[in-house]
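**Q** Single-letter residue listing:
Protein chains: 2
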Amino acid sequence: MVKIPGFFSLKHLLVLSLALNVSLVLRVLFESENQGLHYYGLALQKKFRGTSMEESGSVQKVAHVSKRAVLSTPFSSSSSSIGSLSEVEDGGEKIINLDHGDPTMYESYWQKMGEKTTIVIPGWQSMSYFSDIKCVCWFLEPEFAKQVVRLHKVVGNAATEGRHIVVGTGSSQLYLAALFALSPQEAIEPMSVISAAPYYSSYPSMTDYQKSGLHKWAGDARSFNKLGPYIELITSPNNPDGFTRHSVINQTGGALIHDLAYYWPQYTPISSPADNNLTLFTVSKSTGHAGMRIGWALVKDLEIARRMTKFIELNTIGVSKDSQLRAAKVLEAVTDSCEQAGSSKNSESFFEASYRLMAERWQQLRGVVNSSGRFSLPEFSPAFCQFHGQDLQPHPAFAWLKCLKGVEDCESFLRGHKILTRGGKHFGASPQYVRVSMLDRDENFRLFLKRLSTIR
Amino acid sequence: MVKIPGFFSLKHLLVLSLALNVSLVLRVLFESENQGLHYYGLALQKKFRGTSMEESGSVQKVAHVSKRAVLSTPFSSSSSSIGSLSEVEDGGEKIINLDHGDPTMYESYWQKMGEKTTIVIPGWQSMSYFSDIKCVCWFLEPEFAKQVVRLHKVVGNAATEGRHIVVGTGSSQLYLAALFALSPQEAIEPMSVISAAPYYSSYPSMTDYQKSGLHKWAGDARSFNKLGPYIELITSPNNPDGFTRHSVINQTGGALIHDLAYYWPQYTPISSPADNNLTLFTVSKSTGHAGMRIGWALVKDLEIARRMTKFIELNTIGVSKDSQLRAAKVLEAVTDSCEQAGSSKNSESFFEASYRLMAERWQQLRGVVNSSGRFSLPEFSPAFCQFHGQDLQPHPAFAWLKCLKGVEDCESFLRGHKILTRGGKHFGASPQYVRVSMLDRDENFRLFLKRLSTIR
Chain C
1 MVKIPGFFSL KHLLVLSLAL NVSLVLRVLF ESENQGLHYY GLALQKKFRG
51 TSMEESGSVQ KVAHVSKRAV LSTPFSSSSS SIGSLSEVED GGEKIINLDH
101 GDPTMYESYW QKMGEKTTIV IPGWQSMSYF SDIKCVCWFL EPEFAKQVVR
151 LHKVVGNAAT EGRHIVVGTG SSQLYLAALF ALSPQEAIEP MSVISAAPYY
201 SSYPSMTDYQ KSGLHKWAGD ARSFNKLGPY IELITSPNNP DGFTRHSVIN
251 QTGGALIHDL AYYWPQYTPI SSPADNNLTL FTVSKSTGHA GMRIGWALVK
301 DLEIARRMTK FIELNTIGVS KDSQLRAAKV LEAVTDSCEQ AGSSKNSESF
351 FEASYRLMAE RWQQLRGVVN SSGRFSLPEF SPAFCQFHGQ DLQPHPAFAW
401 LKCLKGVEDC ESFLRGHKIL TRGGKHFGAS PQYVRVSMLD RDENFRLFLK
451 RLSTIR
Chain A
1 MVKIPGFFSL KHLLVLSLAL NVSLVLRVLF ESENQGLHYY GLALQKKFRG
51 TSMEESGSVQ KVAHVSKRAV LSTPFSSSSS SIGSLSEVED GGEKIINLDH
101 GDPTMYESYW QKMGEKTTIV IPGWQSMSYF SDIKCVCWFL EPEFAKQVVR
151 LHKVVGNAAT EGRHIVVGTG SSQLYLAALF ALSPQEAIEP MSVISAAPYY
201 SSYPSMTDYQ KSGLHKWAGD ARSFNKLGPY IELITSPNNP DGFTRHSVIN
251 QTGGALIHDL AYYWPQYTPI SSPADNNLTL FTVSKSTGHA GMRIGWALVK
301 DLEIARRMTK FIELNTIGVS KDSQLRAAKV LEAVTDSCEQ AGSSKNSESF
351 FEASYRLMAE RWQQLRGVVN SSGRFSLPEF SPAFCQFHGQ DLQPHPAFAW
401 LKCLKGVEDC ESFLRGHKIL TRGGKHFGAS PQYVRVSMLD RDENFRLFLK
451 RLSTIR
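Chain order of the listed sequences is C and A. Everything in the first sequence is counted per full-length UniProt numbering, starting at 1 for the first residue and increasing by one. Everything in the second sequence is counted per full-length UniProt numbering, starting at 1 for the first residue and increasing by one.
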């Protein structure tokens, strides 16, 4: 052993060594927590901004969650009864913006998951334009593709065998890519694009904003009577009203785009794996990560997949690799949660937790609507869900609310009560209807219920 | 002090404590290195893929860097003389793909920077569609905007005061957004879009692929003689030939889009801050992060910025937040490197390091071209660079190579030597020319020089 100088006793050295131990233990603990705290702080700053897309035209003082609420709100708050709303300092002043389907409801679930889906990207990773040149979609990250296939298998909501995956900057870009791919390049007149009303409010403007010679919005599919080729959009469950949908046109020469953004077990019973020619999905509504701008298409025909890829090449030269890698990690965590669900006490999957929250919100909303007598909501039949293994009610991401008692313009009526929604006319329907987001943060949703309950 | 049981001496405890110290010290060291190594491993896997965009039509065996090369290649390799090329096991079999401007050259610089630009994003961050509702571009991350302004100030290549920043999924999307914003919605016929040849090869197809009624590609600006409104694209330094450009049309009613993707100090002397109505930049060519798909526009007119934002809303409902945050971190590191350059021995800025590498590559290429007698390259005049503070030669990101001695189709000629380039006809120019990327990885670039030097 090393000779110890006389002025140091063994005791001195031991104390010194123990002190060093303590400092090192603290350092190890601190470093593993530090990153989380740092980013938590950043996200808190970000949280206190508003929610309004240009379309709403009303950038005003918007209702927000308080810092306290963000820190303490559990994803599935059994205490979120309307009785507790008196805690919310409202005074009827704040504008509640439920115009968009901003899925901020999911933030608290992912906060609870902690580091599980944290992604670390060094500065020199994913610099190239290319991800996989062997793939028809050469900018598709293989890890993202792998997690998409795994998730669909666990959830049972779509067949992936023999499909080409095309990744997009959200499913919006994939919708445009699909229109491009399905429209003949040399046609004399543009393809008619139709969807049964009420249809997603952005379809008409997305189809026509470029004044494309390839495709043209032709309105409600139920009143479509033109001969020749067409593209029918089928959103199921439907945005805005939440009903399961099938093609309504019985003609030859039609191409179908299935937008299944909401065909996930928290919103609707999963009856069987979708088996269409061209199906769109998005992380925005499945996991709540709208800010990533990641969607994917499952495409049967190679040539259509190739043309969709070409569209995205000309439009944006591919799709953010960073977001694809992050999305892969999130999808992996969701699938893992499904595989591990029930393996230990209190372990539930992402979809079980989200289903519970949606069911709770719908129950509360129906309670308020029934007791007010001023509104009505769609009624859904229960159906067997292969994922949950039981008969369940749909709980759509939007409430398709109807104003009763002579209110002709429900959007204006609710705006008068400082509730921003999207009126029925945007969806090819009556202005007596509005679409209300069910996916906002807890505090905003509670404030909405409180405000609605005061309308007599 | 705690009483020690008889069978433990102080010496025993001291040894135990010291052992614990050692293990904790190792853990602290290991944990800080581990992340880097993990991702380094991931990136190495990713590195051994090819580089080919659909347009080239030739997905074949592509020349790659060896693992050894990736691990050891410094960003500015003073040893990269052509003499050392005998080390490369080539045998003339591999296809060298320099068709695209994939900026993989920059990987080694960012590897050397280590953790400086590593980004950590927890699963619950940036979930909303919205970034800043007070901003005309509501999906623009404030931190990204801040770093854009800071970088332009340090580099001196663009005025940002009184400008609106619009972020895009690469500058491609911003180009399309600018066309949309500058074209009147109710015009009888589409706006003519022109650029002086040789022009960027993607402009014609990007302008026309949607068969838009808003705008139409009208070819070489120098032969444009139609009256009425038009949009002129000015790429400066120009892609493909590297020359500084100004508007060539002298008419009223024209709107200008300045694509300054290459107006950075590694490529060209910075003469003065650009002060245009609408200027486009991209991280792909400034820092080399093409996979992020992040570009930005500096826009004088609020209404144009608003319409560009609307285009991106309809096209992709915003831009990946993950990539914006990562880009912010990379731009910050670049600006920091400029501010700290020269403060200590051997500290040079990102642009100084990149300039050195570009100068070295151009010197080597000119050497090969001059001694072969089969090709020619553009000659540039030196100009004063405000950033570097001296007279400097341009070193463009592409070499605009001309085949001499009766070779009419330079692209086919080089393909015969297994070198993929983009032929002059794509740029509205003679097929005697090809565009060659100068931004590929070291090993690929050396292999290119070696292959070129064997053509007699």
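Possibly wrong hints are sitting among the right ones.
[As the list claims (entries may be wrong)] Pair by pair, the computed Cβ-Cβ distance ranges are:
hint, chain 1, residue 1, chain 2, residue 2, range
1, A, 417, C, 186, 32 to 38 Å
2, A, 456, C, 132, 35 to 41 Å
3, C, 93, A, 248, 55 to 61 Å
4, A, 416, C, 271, 35 to 41 Å
5, C, 185, A, 430, 27 to 33 Å
6, C, 371, A, 187, 52 to 58 Å
7, C, 132, A, 187, 52 to 58 Å
8, A, 430, C, 187, 41 to 47 Å
9, A, 416, C, 132, 26 to 32 Å
10, A, 303, C, 185, 32 to 38 Å
11, C, 272, A, 112, 32 to 38 Å
[As the list claims (entries may be wrong)] With a cut-off of at most 27 Å between alpha-carbon atoms, the simulated DSSO-like pairs for lysine-lysine come out as follows:
hint, chain 1, residue 1, chain 2, residue 2
12, A, 216, C, 310
13, C, 425, A, 425
14, C, 310, A, 134
15, C, 134, A, 418
16, A, 425, C, 310
17, A, 94, C, 134
18, A, 94, A, 300
19, A, 134, C, 94
20, A, 216, C, 216
21, A, 211, C, 300
22, C, 310, A, 418
23, C, 211, A, 211
24, A, 116, C, 116
25, C, 450, C, 94
26, A, 329, A, 112
27, C, 216, A, 418
28, A, 418, A, 116
29, A, 116, A, 134
30, A, 116, C, 211
31, C, 329, A, 211
32, C, 310, A, 116
33, C, 226, A, 94
34, C, 418, A, 418
[Said to hold, decoys possible] Among chain A residues calculated to face chain C with C-beta under 8 Å, some are:
hint, residue
35, 127
36, 176
37, 212
38, 369
39, 371
40, 372
Worth flagging that the hints you see were computed from the coordinates, not collected in a lab. Note that CB positions come from ideal geometry on N, CA and C, so glycine has one too.
**Q** Please verify whether residue 216 of chain A and residue 310 of chain C have alpha carbons no more than 27 Å apart.
**A** 19 Å, holds
**Q** Given the range 27 to 33 Å, decide if the beta-carbon distance of residue 185 of chain C to residue 430 of chain A lies inside it.
**A** Distance hint for residue 185 of chain C, residue 430 of chain A holds at roughly 28 Å.
**Q** If you draw a straight line from the CA of residue 134 of chain A to the CA of residue 94 of chain C, is it 27 Å or shorter?
**A** Distance of about 17 Å is within 27 Å: holds.
**Q** Holds or violated: residue 226 of chain C with residue 94 of chain A, Cα cutoff 27 Å?
**A** 55 Å, violated
**Q** Do the alpha carbons of residue 329 of chain C and residue 211 of chain A lie within 27 Å of each other, as the hint requires?
**A** Violated, at roughly 38 Å.
**Q** State, for the Cβ atoms of residue 93 of chain C and residue 248 of chain A, whether the hinted interval 55 to 61 Å holds or is violated.
**A** 57 Å, holds
**Q** Keeping to a limit of 27 Å between CA atoms, is the pair of residue 116 of chain A and residue 116 of chain C held or broken?
**A** Distance of about 23 Å is within 27 Å: holds.
**Q** Below or equal to 27 Å on CA atoms is what counts here, so check residue 418 of chain A against residue 116 of chain A.
**A** 38 Å, violated
**Q** Assuming the hint says 32 to 38 Å, is it satisfied by the Cβ distance from residue 303 of chain A to residue 185 of chain C or not?
**A** 33 Å, holds
**Q** Given the hint that residue 310 of chain C pairs with residue 418 of chain A, test it: the Cα-Cα distance must not exceed 27 Å.
**A** 25 Å, holds
**Q** Below or equal to 27 Å on CA atoms is what counts here, so check residue 116 of chain A against residue 134 of chain A.
**A** Violated - the C-alpha atoms of residue 134 of chain A and residue 116 of chain A are around 31 Å apart, more than 27 Å.
**Q** Decide if the proposed pair is consistent with the structure: residue 211 of chain C and residue 211 of chain A, CA atoms, cutoff 27 Å inclusive.
**A** 8 Å, holds
When held up to the earlier numbered hints, the structure conflicts with 4, 7, 8, 11, 13, 14, 18, 27, 28, 29, 30, 31, 32, 33, 34, 38, 39 and 40 and fits the remainder.
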